[in-house]
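Number of protein chains: 2
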Amino acid sequence: MINVISGGVTAPKGFKASGVSCGIKGNKSKDIALICSDDIAVVSGVFTTNTVKGHSLQLTMEHIKSGYARAVVINSGNANACVGKDGDKDAKEIAELTANLLNCQSENVLVGSTGVIGVPLNMPHVRSGIRTAASNLSEEGGRDAAQAIMTTDLLEKEIAVDIEIQGERVKIGAIAKGSGMIHPNMATMISIITTDVNISRGLLDKALKEVIPHTFNRVSVDGETSVCDMVLIFANGEAENSGIVNEDIEYRTFKSALEYVCINLSKLIAKDGEGATKLVEIGIEGASSEEDAYKAVCAIAKSPLVKTAIFGEDANWGRIITAAGYSGAEFDPNLIDISIGDLLVCRNGTALKFDESKAKDILKKDEVTIKVNLKKGTFSDRMWTCDFSYDYVKINGSYRS
Amino acid sequence: MINVISGGVTAPKGFKASGVSCGIKGNKSKDIALICSDDIAVVSGVFTTNTVKGHSLQLTMEHIKSGYARAVVINSGNANACVGKDGDKDAKEIAELTANLLNCQSENVLVGSTGVIGVPLNMPHVRSGIRTAASNLSEEGGRDAAQAIMTTDLLEKEIAVDIEIQGERVKIGAIAKGSGMIHPNMATMISIITTDVNISRGLLDKALKEVIPHTFNRVSVDGETSVCDMVLIFANGEAENSGIVNEDIEYRTFKSALEYVCINLSKLIAKDGEGATKLVEIGIEGASSEEDAYKAVCAIAKSPLVKTAIFGEDANWGRIITAAGYSGAEFDPNLIDISIGDLLVCRNGTALKFDESKAKDILKKDEVTIKVNLKKGTFSDRMWTCDFSYDYVKINGSYRS
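Here the protein sequences line up with chains G and W, keeping their order. Take the first sequence: its position 105, counting from 1, is numbered 105 in my numbering, and each next residue is one higher. Take the second sequence: its position 37, counting from 1, is numbered 37 in my numbering, and each next residue is one higher.
Next comes chain G alone, as it looks inside the complex (with noise of 0.2 Å):
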């Protein structure tokens, strides 16, 4: 039984957070957020695959191999990539200074940083922003965390659920942004989750590594995969349950809810794509194996012809049954039945009478989805992504600016 409750990443025991401004952005958003354990907490990570890191990923990705950390401090407008030597510097002095305020070791202390590349970090404003977070951390900051991590991002992202678990009650609470850039494996998101779970740190990692293929990674808002991405999970035990150590029910459970958590969070991220209007859930069914159905679920959900048709409602599925062939996976045309909604639009690869006022309807909702069965075995995928809007064009062609 999983209970969605409120609170966010400070929902669970034990957790602080805060979001500040600083002024990288420059228009008093919030842009710096910091979440913290009272104490140490075993910590897993997954990282963008993109060959270019940034700098301040770059640190996260050693100061995690411990496998202990306190806090995660990340700063939105400046990603701190692409700046040389001055990056590595500035990440180190950000993990020092905030590891300083917390009265911990500077290993224990993860960064991110999250938006334009190339530019240096304006440090006497973060410097600033870092002093007022530690200052202003609270078992209620979960929400000014998850807005201070915001770039295009129109909402703040955060959900937090309540399990069982050897007899207490556990929580995990979680906060993400992404709003473009986004596409498996980590793009353009970051997502910080937090549990009062007591657990092994092996585990805590199989579940994360294992819940990640099927839920950020199948998200797409636009095929790009960014350079400062990264998902982090703290379980920091205070939950006090008497310790998740095998792969027995109790680990299930943990591992369903950590699913719920971050389905829900992939979909928001989906919806709140840049330019969307709309959240589509495209699925494959009957592939013949694991990595055709991937293939076929991917080039769907990145196709712009099939995107910018959902967003002009058009039940064009011709552009559908084009990504699917061209995707590399395996299928006979002849065989290819499309649905729009429950709507049949193609069986066996043919073209059907369909009633265009009902596709109509079914493309007009908030959420469209697409079915494609391929007959040709029994695997399936799934992926979330959105329309793809004139707001899309008019974000990006003057993001710096």
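Treat the hints as calculated values from the structure; they're not laboratory data. Just to be clear, a hint being listed does not mean it is correct.
Where chains are identical, the list cannot tell them apart; a pair therefore holds if satisfied intra-copy or between any two copies.
Claimed, not checked - Below, a list of computed lysine-lysine pairs in the DSSO-like style, where the Cα atoms sit at most 30 Å apart:
| no. | residue 1 | residue 2 |
| --- | --- | --- |
| 1 | Lys13 | Lys267 |
| 2 | Lys206 | Lys267 |
| 3 | Lys360 | Lys394 |
| 4 | Lys360 | Lys85 |
Values in this document were obtained by computation on a predicted structure and should not be read as measured data.
Mind docking chain W on chain G? Use the hints.
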């Protein structure tokens, strides 16, 4: 010495063409093109790699196996794809009717269709269109044929050149269409090339297949690859050169001219990309393998974020390095150099201070060049694309309506 001449596909001796309106498009635009050699010609073709193939394209792939043809008939406005057995029957009837009118074997007629998928051809319109096209065939019909294959193209695309081979004037003419859904390999583009050179079928085929990878397969408008795309070349020998039968200097002269023609049309296709305001050339140097050079150039040319930044005339090179980073190409992020026009904006993976107003001047032009040097090896590649504007979304949000 390659001389550009007028006449398009009807510039070479012994070719006639026509382009007429038969009502498929419903707005009196030309929608049937017929291109015909007076005598049988050797022929070669390259076809879409999409698993899904239109019915007309499948027939052409069958007919071209003999290596000889007299004519190609193309309708625009309807792809004749995914409509079941009727689609095959209609393609066959188009070839038969055209063959009757031209007094040749049906197997010597190739058929192309481009436009919306999943809608049956209106055959009464097509039949009357083919009859009109056959009676309108003329040595001045190249331009009409170029217009009749357009879908969302704003401009007809044609070129012709004249070279000397074995003491004779040899001509190559070509038309192309393609605006959206353009990406390697053979996206929604069709090109018909005619030449009066006397060449063996084997060498014609070889020349075409050597030229396409670096020309038409280096154009990306939106990363899509459609179901009915092809490049066909007809060589009827009427220039009366003694014959190209070896890979000698004469072969290379012919191939250079063919490449010139294909590069020219490739750039026209990119420049006339749906909603495009600029032609963008992306160049990669210093890759450690051919594959890496291709991966990097392709990721940058496809990136919606790069393309929207160019539309916005914003020198946001962070998106260029990001796309290279997720391309899968191996390189050292600390070595990469990036130039926009002749302005170096990133050296050794690190931001340079550059003159933003100079960058703006470069990005304001109709043609923009981006150069990326990975400084790892000696391989290079090049691709043509366009910027990504509001109009791409507009055109594709309501294509069927």
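Status of each hint after checking the structure:
For the homomeric pair Lys13 and Lys267, the shortest alpha-carbon distance inside one copy (26 Å) is at most 30 Å, but the shortest distance between copies (61 Å) is not. In the homo-oligomer, the alpha carbons of Lys206 and Lys267 lie at most 30 Å apart inside one protomer (23 Å), although the nearest pairing across protomers, at 50 Å, exceeds that limit. With identical chains, the CA atoms of Lys360 and Lys394 are at most 30 Å apart both within one copy (26 Å) and between copies (17 Å). Taking identical chains as interchangeable, the C-alpha atoms of Lys360 and Lys85 lie at most 30 Å apart only when they sit on different chains, with a minimum of 28 Å there against 54 Å within one chain.
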